[in-house]
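J.: Sequence:
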Amino acid sequence: MPVSDGVPGEDCLFCAIAAGERPAHVVLADDVAVAFLDTRPVFKGHVLVVPPVHVETLADLPTPMIGPFFERVRALSVAVERGLEAAGTFVAMNNRISQSVPHLHTHVVPRNRKDGLRGFFWPRTKYEDPAEAESYARRVREAL
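Residue numbers (the UniProt record's numbering): 1 to 144.
All the given hints hold, so there is nothing to weed out.
With a straight-line Cα cutoff of 30 Å, these simulated BS3-like cross-link-like pairs (lysine-lysine) come out:
#, residue 1, residue 2
1, K126, K114
2, K114, K44
3, K126, K44
Don't read these hints as lab results, they were simulated from the structure.
Throw the hints in and build the complete structure from the sequences for me.
T.: Below is the structure:
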């Protein structure tokens, strides 16, 4: 069955990435979270952190997973800063509204002063090629 955005379970894009069935520039993968580069990053090095099991929103995340999941988010926030020499990070999560894939995901976006990010307007950029994307993923992985 083809994988498509937006349908839970076996058709969920993020479930397929977490299962290794779809390619991604993975920076962390364990039984609590899978983190990979966003294919449409706000800034290069923008990471998405998802639970490896399908849950749509934060309210759906089982209580025992909340602490461990956010420990991974925190670790990725530090790794993005260190690995990419960013001045800080922007950490965000949408629940249903503006959630392009209905699978819980936390954005960890590298930030620098005067980087152009204003309020909730998120400009998007692209990696030049898969090698450039992999270089960003490697730097974050190494900083973990």
